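Read top to bottom, the protein sequences are chains F and X.
Residue numbering for the first sequence follows the numbering used here, starting at 125 and increasing by one per position.
Residue numbering for the second sequence follows the numbering used here, starting at 125 and increasing by one per position.
Treat the hints as calculated values from the structure; they're not laboratory data.
Keep in mind it's a predicted model, so treat the numbers as computed, not measured.
Positions of the beta carbon are idealized from the N, C-alpha and C atoms, including for glycine.
Don't take each hint at face value.
[Said to hold, decoys possible] Below, in silico cross-link-like pairs of lysine-lysine (DSS-like), each with a Cα-Cα straight-line distance of 27 Å or less:
#1 K188/F / K127/F
#2 K178/F / K188/F
#3 K367/F / K393/F
#4 K222/F / K417/X
#5 K127/X / K190/X
#6 K222/F / K178/F
#7 K215/X / K417/F
#8 K359/F / K393/F
#9 K154/X / K393/X
#10 K255/F / K255/X
#11 K222/X / K255/F
#12 K127/X / K227/X
#13 K222/X / K417/F
#14 K178/X / K222/X
#15 K215/F / K417/X
#16 K367/X / K367/F
#17 K154/X / K190/X
#18 K188/F / K426/F
#19 K222/F / K255/X
[To be verified] Partial chain X-side listing against chain F, Cβ under 10 Å, derived:
#20 F208
#21 M254
#22 F257
#23 V277
#24 G282
#25 E295
#26 K304
#27 A374
2 protein chains.
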Amino acid sequence: MEKPYVIGMDMGGTNTVFGVVDSRGNVVSKSAIKTGTHTDVNLYVQDLFDEMSKLIHSAGGSDKIKGIGVGAPNGNYYTGNIEFAPNLPWKGVIPFAKLMTEKFGIPTALTNDANAAAVGEMTYGGARGMKNFIMITLGTGVGSGIIIDGRVVYGHDGFAGELGHTCAVRENGRLCGCGKHGCLETYCSATGVARSAREILGSTTKDSSLRNIPVDSITSKDVFDAAMEGDDVAKEIFQFTGKILGQSLADFVAFSAPEAIAIFGGLSKSGDLIMNPIREHMEANLLPLWRGKVKLFFSELKEADAAILGASALAWEL
Amino acid sequence: MEKPYVIGMDMGGTNTVFGVVDSRGNVVSKSAIKTGTHTDVNLYVQDLFDEMSKLIHSAGGSDKIKGIGVGAPNGNYYTGNIEFAPNLPWKGVIPFAKLMTEKFGIPTALTNDANAAAVGEMTYGGARGMKNFIMITLGTGVGSGIIIDGRVVYGHDGFAGELGHTCAVRENGRLCGCGKHGCLETYCSATGVARSAREILGSTTKDSSLRNIPVDSITSKDVFDAAMEGDDVAKEIFQFTGKILGQSLADFVAFSAPEAIAIFGGLSKSGDLIMNPIREHMEANLLPLWRGKVKLFFSELKEADAAILGASALAWEL
Numbered sequence: 125m126e127k128p129y130v131i132g133m134d135m136g137g138t139n140t141v142f143g144v145v146d147s148r149g150n151v152v153s154k155s156a157i158k159t160g161t162h163t164d165v166n167l168y169v170q171d172l173f174d175e176m177s178k179l180i181h182s183a184g185g186s187d188k189i190k191g192i193g194v195g196a197p198n199g200n201y202y203t204g205n206i207e208f209a210p211n212l213p214w215k216g217v218i219p220f221a222k223l224m225t226e227k228f229g230i231p232t233a234l235t236n237d238a239n240a241a242a243v244g245e246m247t248y249g250g251a252r253g254m255k256n257f258i259m260i261t262l263g264t265g266v267g268s269g270i271i272i273d274g275r276v277v278y279g280h281d282g283f284a285g286e287l288g289h290t291c292a293v294r295e296n297g298r299l300c301g302c303g304k305h306g307c308l309e310t311y312c313s314a315t316g317v318a319r320s321a322r323e324i325l326g327s328t329t330k331d332s333s334l335r336n337i338p339v340d341s342i343t344s345k346d347v348f349d350a351a352m353e354g355d356d357v358a359k360e361i362f363q364f365t366g367k368i369l370g371q372s373l374a375d376f377v378a379f380s381a382p383e384a385i386a387i388f389g390g391l392s393k394s395g396d397l398i399m400n401p402i403r404e405h406m407e408a409n410l411l412p413l414w415r416g417k418v419k420l421f422f423s424e425l426k427e428a429d430a431a432i433l434g435a436s437a438l439a440w441e442l
Numbered sequence: 125m126e127k128p129y130v131i132g133m134d135m136g137g138t139n140t141v142f143g144v145v146d147s148r149g150n151v152v153s154k155s156a157i158k159t160g161t162h163t164d165v166n167l168y169v170q171d172l173f174d175e176m177s178k179l180i181h182s183a184g185g186s187d188k189i190k191g192i193g194v195g196a197p198n199g200n201y202y203t204g205n206i207e208f209a210p211n212l213p214w215k216g217v218i219p220f221a222k223l224m225t226e227k228f229g230i231p232t233a234l235t236n237d238a239n240a241a242a243v244g245e246m247t248y249g250g251a252r253g254m255k256n257f258i259m260i261t262l263g264t265g266v267g268s269g270i271i272i273d274g275r276v277v278y279g280h281d282g283f284a285g286e287l288g289h290t291c292a293v294r295e296n297g298r299l300c301g302c303g304k305h306g307c308l309e310t311y312c313s314a315t316g317v318a319r320s321a322r323e324i325l326g327s328t329t330k331d332s333s334l335r336n337i338p339v340d341s342i343t344s345k346d347v348f349d350a351a352m353e354g355d356d357v358a359k360e361i362f363q364f365t366g367k368i369l370g371q372s373l374a375d376f377v378a379f380s381a382p383e384a385i386a387i388f389g390g391l392s393k394s395g396d397l398i399m400n401p402i403r404e405h406m407e408a409n410l411l412p413l414w415r416g417k418v419k420l421f422f423s424e425l426k427e428a429d430a431a432i433l434g435a436s437a438l439a440w441e442l
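Extracted from the complex, chain F is given alone in its bound form (with noise of 0.2 Å):
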């Protein structure tokens, strides 16, 4: 093969890590840099230059890379930018595929990091094969990315799969980051669950480890710790959290019937204790068609490489 490698990036708001990765999903080599330290684009477009630079001279020369893929937040498929995210230094709308293009004269795919989690799944991960699936992410935030007839969904402006923010809770949900309320994101994010467990412990007067915290420090990984010792209210943290999240898995299925949904991302590290929730809720409400059939996993993707695969998946089809 003329050129056997792509490089696959994840930019996140704190670092961006990158990799040269094989057609067999190799990440042969691998560095990162600062994301917020830049408050100017081409300068964290030169450091990028940089540090990428040694990692495509080690790979034999810019001739053996196919394309660079990159998953970051807002980024749009279609254009190549990355617009309006509230989490980058940069604000407004950023033509970074254009930049990176120009400045390493390697074409440059670019979509929102959901989007490259779930190309990493469907090419690399439990979803191989597969052509109708749903990836969910767990993280700060909840996103998703759509696959149908085995391409992401990306809609008429680059933005479909925003399911983090489909309604969960119609009456008096939370206030969201967007501005809505009820959103799924402010119940299973890991922030969602911080909420619910100050929530539960606010409302009951049941023992809990997780009453030697103060209440605005807990963390998602303190009520998991607290659930792995048997802490009851810790466990029903997990539970409210699954079943709000299995609620609206069964509605996504009504909407694409995918073959299978992975969850990705921080929370699912707590396993059983989410993933029967989510499970037996999404079953509840399935319509009877469906109930039985969808798969449900956690994704496989190495959690160091996930992110650097799912970009670098990207950059195949360019």
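For this one, chain F is given, so just place chain X on it according to the hints.
For chain X alone, coordinates are given in the frame of chain F:
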């Protein structure tokens, strides 16, 4: 053109209508037979053959017919089967496309009625030229046809697009015919509107001309007629119906980011009475990036021919 015509056929629980359609979407001839009186599907196909052959003969014979497109309740595009349709006289799985192809010697494609309507809208209606839109059919039930990248979304099993059975009301939602609670269909179908009328009339003592009708006999048409005469309770019923639908449409936009949503079927006759609250509550529940950008319109397909046209559009793809 060697084969200048297709046949579109819409199978309802009571009647089956069909017509010969040219490439411009003109229904050049049409006819109908009863559906519900045929307890044996083979006799139904025989009667279809007898009646449809007259139209085919007038069109110049079956050599002039490219294909037959069928919209049927619970029709599965992948298999060509009608599967467990509650409102048809035949139980279980009926290989209907196969029966038709064998009987007529003409390729036959089958899909559910809402998907057929969506294809019709894209081919002949207000969604001409659009690649991403959603068709919502408001009738006895609430159906949907989803178009992404110019193609109907069928999903893994062929049954995608059951938006009438997504959850519109999570707490104390109405019992649906599907066995779940709170489905959109229980609020926004014609029968849902009648249920709303009974609920709202029962929970208030406001004057309303609807009180002159026995409460269990009120239909959505009665509500429409009353609203047109300025009846406040009837207008409140439409407000409520439009609110529920608009909220749900906002979530559908978050899934597939359509350019437009088309509303089709009986309730759309209610015009602004229903469209205004739909639009208001959709907009209020959209992510900011989509506000003011998603078109919302009533289907432009001629009521009498819509079903035939929608189904016929499928046949051009054969």
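Q | Ascending list of hint numbers which this structure does not respect | A | Every hint satisfied by this model.
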